[in-house]
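Novice: Sequence:
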Amino acid sequence: MTGTEPKDVVRRYFEALAAGDQETVRDSWAEDGSCWYGGDLPISGTWQGRDRVIDGFLATAFAHLDPDREIGIRITNLFGEGEQVLVEWDSWATGRTGRAYDQKNTGIFTVRDGRIVGMREYADTQHWERALVERA
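Using the UniProt record's numbering, the letters of the sequence shown map in sequence onto residues 1 to 136.
Hints in this document: simulated from the structure, not taken from any laboratory.
We put the CB at the ideal spot given by N, CA and C, even for glycine.
There's no promise every hint is true.
What the hints assert, rightly or not - Quick list of the computed label-pair ranges, beta carbon to beta carbon:
no., residue 1, residue 2, range
1, Gln22, Asp66, 10 to 20 Å
2, Thr125, Arg74, 19 to 29 Å
3, Glu23, Arg52, 11 to 21 Å
4, Thr4, Asp40, 31 to 41 Å
Take these sequences, add in the hints, and give me the full structure.
Specialist: In structure tokens:
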């Protein structure tokens, strides 16, 4: 991995997510990294360890999206101070529900030694549920 400045690491991670580059996504996370997502959704809670972040959190989120439709992610703001990076981004897709998902997100990342060790993501959890969760 090249470029270990925290903002560069986070920017590369988002570029890899947008491109579907699973190798770079996985390589962006420290082995003991963790992420947290608020609310009461299938992706909510704390996901501890790179494998749980990638194969749990991210896989669960993407499993709710229609893979045959456009899935997009675009950084709109990125700020960094020391090992902390704040990112705002837009994400859009169509859920397996057939409903549109168009979200504004904010995440606070902690980067050490060129890898993400922590992420806290904030978004409209009601929109996530309305767009992506099947209704009974």
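Novice: Taking the hints in turn, state whether each one holds.
Specialist: Each hint, compared with the structure:
no.	hint	verdict
1	Gln22 with Asp66: 10 to 20 Å	19 Å, holds
2	Thr125 with Arg74: 19 to 29 Å	21 Å, holds
3	Glu23 with Arg52: 11 to 21 Å	18 Å, holds
4	Thr4 with Asp40: 31 to 41 Å	36 Å, holds
The structure is consistent with each of the numbered hints, conforming to all of them.
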